[in-house]
Amino acid sequence: MSIELVNVHKAFGENQVLKGFSLEIPEGQTTTVIGGSGSGKSVMLKHIVGLLRPDQGDVWVDGENVSRLDQESVYTLRRRVGYVFQSAALFDSMTIEENVGLGLRRVRGMSEGQIAERVAECVRLVNLEGYGARYPAELSGGQKKRVGFARAIATEPKYLLYDEPTTGLDPVTTSVIDELIIRMADELHVTGVVITHDMPSAYRISDRIAMLYDGKVRFTGTPAELREADDRVVRGFIEGRPELLETV
Amino acid sequence: MPDIERPVHAAWARPIEAVGHLAVQSVVAVGRAGYLAIDALRAVRKFDLWGPHLLPQMARVGVASVPIALFIALFTGVVLALQASYTFTGAMPLYFVGTLVGKTMILELGPVLTGMALAGRVGANISAEIGTMRVTEQIDALETLAYDPVAYLVVPRILAGALMFPIVVILADLIGILAGWGTSLWLLQMSSPEFLKGLRLFFEPWDVEFSLIKSVSFGITVTGVGCSFGFNTTGGAEGVGRSTTQTVVVAIMIILALDAFWAATLLK
Chain A
1 MSIELVNVHK AFGENQVLKG FSLEIPEGQT TTVIGGSGSG KSVMLKHIVG
51 LLRPDQGDVW VDGENVSRLD QESVYTLRRR VGYVFQSAAL FDSMTIEENV
101 GLGLRRVRGM SEGQIAERVA ECVRLVNLEG YGARYPAELS GGQKKRVGFA
151 RAIATEPKYL LYDEPTTGLD PVTTSVIDEL IIRMADELHV TGVVITHDMP
201 SAYRISDRIA MLYDGKVRFT GTPAELREAD DRVVRGFIEG RPELLETV
Chain B
1 MPDIERPVHA AWARPIEAVG HLAVQSVVAV GRAGYLAIDA LRAVRKFDLW
51 GPHLLPQMAR VGVASVPIAL FIALFTGVVL ALQASYTFTG AMPLYFVGTL
101 VGKTMILELG PVLTGMALAG RVGANISAEI GTMRVTEQID ALETLAYDPV
151 AYLVVPRILA GALMFPIVVI LADLIGILAG WGTSLWLLQM SSPEFLKGLR
201 LFFEPWDVEF SLIKSVSFGI TVTGVGCSFG FNTTGGAEGV GRSTTQTVVV
251 AIMIILALDA FWAATLLK
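Chains A and B, in that order, give the protein sequences. Counting in my numbering, the first sequence runs from 1 upward without gaps. Counting in my numbering, the second sequence runs from 1 upward without gaps.
Worth flagging that the hints you see were computed from the coordinates, not collected in a lab. Among these hints, one or two may not hold up.
With the Cβ distance kept under 8 Å, some of the chain B side facing chain A (calculated, not the full set) [to be verified]:
#: 1; residue: 136
#: 2; residue: 138
#: 3; residue: 140
#: 4; residue: 209
Where is the CB? At the ideal position from N, CA and C, for every residue including glycine.
Chain A extracted, bound-state conformation (with noise of 0.2 Å):
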């Protein structure tokens, strides 16, 4: 397994948001995290990549663990992985091109030359040539979105991780991204982790999709199989029946 969270307990004050996550991610495949609005997604994705470490558990990342890793490790680690913001997270300093190149800067023997190719590169792979020179203020919400999944896939990592990438956008939009986190796993074999809450898009781009209710992992398995599974609260979920969750 290349990604793999066991046990992991993660509480901020009182509230406990993962109560013993545990999740296998395949090597080379797209796995879809599905749940409800703050039901501990993205506090998940955050411990994978090292943003937050947990108060139990471990989380390990080709056979690291990040959870014990020192600092200056986990900056080793975070340049095999790509993270795609709900928000962007763009620099609102920085116009698009400084965006995509930032985390390039960081690869040692890139030039200027070849870090602006590979820029220009993911730059036209987004749909967004002739932007390079804007600013994130100038740009929509679906656009910004685009730019950060341009700065993720810049390094070419081994990782992609996405914060509810479609979230918030128009039908074509969310159909172009799915299309990039598609060929992301096809054509580079990058390993996926997505979450989201958006159901037409988990089963257009997953090869697996697990879904967290209330701090673990209630059910995984294929596309196909969520359809057919009968457990009430993940009929529930992806349905949209409250009612069946409210029973539980």
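On the provided structure of chain A, position chain B as indicated by the hints.
Chain B only, in chain A's frame:
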């Protein structure tokens, strides 16, 4: 400062609870600032991350602060000369106006007024900028791109403060003295030799060194407090506003405490 859950108590206990809450928040803030200071010291060796940002930060912290610092110094110099004349007339020779203007500007008002003004301009700016980066996940984004945010954001700002505050303060000292000199000539009918005699009378080169030591400490305080509150901002736009206000208040309080500390330890 972080929000700590407050249990509900009887009315009589609330003032005590408020004091306790404030005390806990203060200890937490001091602890966080301490951790950030340690991280910043460790991050100094990462020159590749902070080096390119030092000059732009020096321009923002120092050069851009010169107009407000000089504006304050100009009027302080004028008022000092007028008040000295008002106090000394009939009791002491008027050339003591030069003494009072020089000593007060260099030892006290130059560094302290500049420090307090820059707590508002520079400290608030740093806190709002870094706080906004925190609540919009830009600092998390830096981390995921393998950038140490302390080396990238905090170190160049604190170094810029330590390097540029003394320069701004020296300029403020000079303008304050020149303003006092001009006031003595045009409003108090003193001559230049009279003012300069007073200025030289008790002048010690140590006074300037003292002013510089104070201004370095104020520069580190203002930028460090701004970085610390900015870095630990939570709660969206409201949180950014809260951090910015707290930065100005806390920085001014520390400046005043440091002012007393340096006077007690270095002016013996």
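Hints that the structure is at odds with (numbers, increasing): Going through the list in order, the structure violates hint 4 alone and respects the others.
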